[in-house]
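As a plain string of letters, each chain reads:
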Amino acid sequence: MQNTTDPVLSVKDLTISLPRHADRNNAVTRVSFDVKPGEVLCLVGESGSGKSVIAFSVMGLLAKALNITHGSIKLQGEDLTHATEQRMRELRCTRMGMIFQEPMTALNPVMRCGDQIDEVLQEHTSLSAGERRQKVIDMIEQVHLPDPQRMYRSYPHQLSGGQRQRIMIAMALILEPVLLIADEPTTALDVTTQAQILHLIRELQSERQTGVLFITHDFDVVAELSDRVAVLKQGEVVELGTTSQVLSAPEHPYTKMLISSVPLHEPPERHAISADAPVVLKTENLDKHYSTFSFNRKNVVKAAQNVSIEIRKGETLGIVGESGSGKSTVARCITWLIESTDGRIWLAGDDIAKLPKRDLRNLRRKVQIIFQDPYRSLNPRRTVGQSIIEGPMNYGESQVEAMAYARELMELVHLDPDGLDRYPHQFSGGQRQRVCIARALAMRPELLVADEAVSALDVSVQAQVLKLLEQIRDQMQLAMLFITHDLRVAAQVCDVVAVMSKGKVVEYGRAKELFSNPQHEYTKALFDAAPGRHFQFARN
Amino acid sequence: MPPESSTSAVISEESVESVDIRDQPAIWTRLIKNPSVIIGGLIIAVILSMVPAAPLLTSLDPTDISPRNRNKPPGEMTVHKDEEGNKYEIKAVMGTDKLGRDVYARVIYGARVSLLVGLSVAIIAVSIGLVIGLVAGYFRLVDAIVMRVMDGLMAIPAILLAIALVSLSGASLFTVIFAIVIPEIPRVVRLVRSIVLSIREEPYVEAAISVGTPTPKILIRHVLPNTIAPLIVQGTFICGSAILLEAILSFLGVGVPPETPTWGNIMAQGRDLFQLYPHNIFYPGIFLTLTVLAINMLGDGLRDTIDPRMSKEI
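Top line first, the protein sequences correspond to chains V and Y. In terms of my numbering, the first sequence opens at residue 1 and continues consecutively. In terms of my numbering, the second sequence opens at residue 1 and continues consecutively.
Okay, chain Y solo, but in the shape it has when bound (with noise of 0.2 Å):
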């Protein structure tokens, strides 16, 4: 095909027409300028730092059980033995608890559960949520069964289905991932299948269709990239709350075995002798309180910069 035009002509027969280039600042450029995610990030960070600082920031075994050192308020002195049967005092910064473990210990390493929780729950259930969502999205045959299903696993309390697991399977830290995450599917698939129903319809992908484009090619080339900024945020609060929920099964007895430190274990623990010691269950409470609380601001904050349209809608 000989291209008659010479490139002289180029663009310049538009000139009545501006040209339209719109400078937004760059993500990143905006998501520091945002507080929440600076303030959320901060907190974040400080916490997640915990995790493989935890044998720095206290000599102490968080499972360790002393009967000389139960029950002791924040800021008195507990006796401890090293490996050598030698002696030796350290205060208990946030006290102990009724079998004599250090609070402080056990909610330092009780940071690593949580947050391997959070982060493991919102990052299966987005995988599998965006997957099956796509699907159900796209192909409307799909979507009338997988839509249905949803219905029905959005139904079961996690709490319940938690219980369920326990009695079957014993408790441990992968069924309280597995109890968690089964319900949190359903909120993903639905938010993925949102975006794609209006996508779907959108003239670009038409014209992927229409120049050939293979349907899996058309999902992760066209679709997929309009998902991620909304799960992203929608991971964030899933991270919050599976924390969250955690700590309520541990609190039930239902979650993690009660000897691992875990911020739910220890609040319930701490439960029997609240009135007396409130130290056992204030301590761990900041610290999820705090955790939670910074990753919902990092999710608004993302939400707020990275997909405007959506905090304006909600």
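Bound-form chain V, shown alone (with noise of 0.2 Å):
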């Protein structure tokens, strides 16, 4: 019989070979760590750590070309790296499960929810038809769903994300296994959502005893929901104990680099903006409504209703809310790429809601954008110097003015100038960011619009990156508006912040007090939501 405190999962010395003409040799070089019966242990790094390969390669689903040429994984005792594939298809579901980032993607959208929770059962168990149903409704509403007979019943789509992670968790977790492997399960969530998807996790987890390998990024998920922590850099683990021993008090330097870099909650001591500087943009009302047409009904969604903000020179303000709250929509109508329903948009002073195209184009220059994705923002055919140049060019800037213009703004994003000549995949995704603000700073904005900009990044280069616009507004005295979903980032770059909710602007306050003293319901259940926040995270 099994003793409870052996390990569960007991990983030793893993090597796992990257194909040649990779980056580095090894994805995965000597990493051991256990995880105990009723424990959850964090995989934490950043991108390209090797965190979800080793969670794969637990699963037996790793991909072709990535081969284990060292050590052991230990599946209570089993030895998981020489069992065969149909062994290795007994064990998933029955002694480990598994839950993935994509909640969208990972179910079958053609299959009723119940009948894929159902096949797991059909699988592995020997159960009749009545046994199987039964077992899946009473699954189905221990993770929370309501009225479990119509969630059987449901197709994917017809449910949220957060109700898709839920029946995934239901999968995985049927068969009562030993492990649950979780990797990212809560990025493509709402940060409300996330938070009830973790205390989930956290409750059938200990109920059930199974112990949990969680993969992450988010050291606020780390802070919430895990006992132990291995932190990953490069396919090593530089770290590994205790959550509070290694969040409050890390050793690595590459540990203390990457807490340090998490943004706080609090808002810090910002230099008031004088009440002279002036507006540069205003919105009175901004409407936006999409209209579709079916038959002879009309359906309108209003993404945005009523919004009303102000941003003086200077200034930085923050639009904050989860997906689907028209943040993103706002930012769109004031920088023209939609045409805002009704209401009026005051760009230093002209009224540009409703002006004819043609005028339109000598404002534009005025209002700059930095989109999210750094990987699609750039057309990857062109160089970085002609990505850059081809605004002030089309505004009759010779190529020699612009070219020098050019490799000033590369210095000033910190970037060699002679990289202007490469092609965007030549970068990183930190560096091409810097690019497009330097694309955005070619045209000499005085409104710097910045879309989820630091979203898509790791924790490190998104701190590199947020002291970057902070030095450029100053520098250059813009009036900055920051879209973001991310509350901690929004705290620290923020002079004020709107909260949106169903495309209104709920809340409107300074950074300092909207923080500290949250006066509207969703702004209060927003933050109550976030996680690790009253964790201590060591500072340097």
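Hints were generated in silico from the structure; no laboratory data involved.
Subject to a maximum C-alpha distance of 27 Å in a straight line, what follows is the list of computed DSS-like cross-link-like pairs (lysine-lysine):
hint, chain 1, residue 1, chain 2, residue 2
1, V, Lys467, V, Lys313
2, V, Lys302, V, Lys282
3, V, Lys282, V, Lys504
4, Y, Lys33, V, Lys64
5, Y, Lys217, V, Lys354
6, V, Lys366, V, Lys504
7, V, Lys357, V, Lys282
8, V, Lys502, V, Lys298
9, V, Lys366, Y, Lys217
10, V, Lys357, Y, Lys217
11, V, Lys313, V, Lys357
12, V, Lys504, V, Lys298
Dock chain to chain to rebuild the complex, using the hints, since each chain is given by itself in its own frame.
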């Protein structure tokens, strides 16, 4: 019989090689850790650190190009590195379950949710159809989904992201495996949904004494959930210890650097913007409606309603909200990428909301936007230099002038000016985002809109880009509109914050006051849901 | 604006982030490693070389009628006269047809028309379709109208259109090309439009809009390059099917005038004596099949190498 303190999963000296021509030899190098029953072990690291590779190797789902060259993976004493495909299939679900990042794509869209959970039972048990159905419905109840009978009959597209993730959890846990592997299961979810899912995982795990291997890049989630943490850097475990030990008193310099990059939850003291600083952007009752027609019915989605905001020179306004709250819609109306339905947008004194396209062209250069995805916001077929000088040349600058300014800007964003001749794929994500900033600055804008500009970046790179944005704003006296879902980021960079929910601004005020004393119910709920809020991270 | 930071701090700040340089082998090295590109390309090269080299490959005139040489099976000797009236004998490698014309000479010269039709249809259909597709994909208003017109065009069968055109203006190479091009255009338009629709939403296109790039420049600089690879692939398939369609039209008698040697014409004229003299249909048929097969192989190979995303989806 299994001893209760024996580890469920024991990984020893695991080395997984990468194919030739990769940026390093091994995806994972001599990694060792244990997961005990009833324990949550977090593997935390930045992108490319090999954390997902470890999860897949445990499940036996490694891509063919990757090979385990050394070490062992033992599940309750049984070595998985040499197990046959047949044996691995038996072990998945019965003794180890897995939850994936994307609840949208991890479920089969043409199968009812209940049938998908049922499939696991059909495959691995000899229960009768009635017993299986009962068991599935019990499980759906345990993951706290409303109306289990209806959930059983629903197709994935009829459920929200959080509900789908609950179905995934039900599927992974229905056979009561001893080990649950969760690969960034909350990354694609909104902060309030994330809090619920984390709570659910914690609850089920402690009820059943399941060992959990939880993979994440988010230190807030680590603080919220884990018992022990392993920090990965380039495929090597640099630090392993209890959560409070690693997060509050990290020893390895890399861990220290990562943790100090996590933005603080409290807004720092900021110098006040003088009241007579000129207003760069002002919106009055901005509306954006989308209408769709089906036969004789007209459906109107109100993406933004009555949004009134104001940004002064040298000031940063943050718009905070969950997905679908309309924050990006506002940004796109202001940058004139979409036309607003109603209301006024004053840009440096001109009303641009209903301006004819021809007159708009001259005002356009005053507002520039930085997008979320650094991999898609630069044309892969054009050199970085061509991308940066495109705008100024559109407005009649000569190539020589534009190029000279581009070199200055490259230095300003801490990149080598000689990189102007290179293509975007030769830069890392953070560097590309710097190029995008340089491209926006090349237009000499008055207002810079950052639409989730640091959300796709690793925490250490995110900290650098945030610092850069702030430095540029002060140096060039820009007004900045900062759109983010991340409360910590908003707290760090914004002077004024607008909280949006369902297309409306529900709370609007100075960051310092809003964060310390939220008034609106939604803001309170949003702040409460933020993971790791009460945890004291180590600071340098 | 003073650049405050010194150049020495350049990049080093991001040491934690590994720079991702994907060393993909150049497109040419990948192409010459693909067996279907090599085989298809070689066959096409051989057939293409027949076009300029036709007078060297045979001394006979493909339109020369000779009652004495009618219906000779392959390998028999045929008698011809040179310019001074002297008789000489030549072996008819592929036999002769019912009018005594040499099938070998006709097949060799027939390659000219077939390839001309294939290439010109591909080039014309792709160029027109590209322009319409770009505009339709980018401007929503144009899209609604143009796509309905395209649906209408797609409903016209090429053969029916050819019959109508021939009865209006007589059989000619131009009518054949025109009749094949018209129903091909909507297919190209749809392909280009679907690419434009997805590229239009890319952040780099939005970035170009917000730095004030005029729309025509956006289309040419940022959207057009994405359509090239799929269009090259689509072009080869159009070329193959156009050659086939030309043969069908000629076979039905609504294509190129019967005295011009084309693979379809040779087969059409050999049809009534097919059971006695199958060589009239067999040899041009072999060339037609080989050419279309080679073009399709090349197209498949190109698709796999230059547009791997498409090969997985189809």
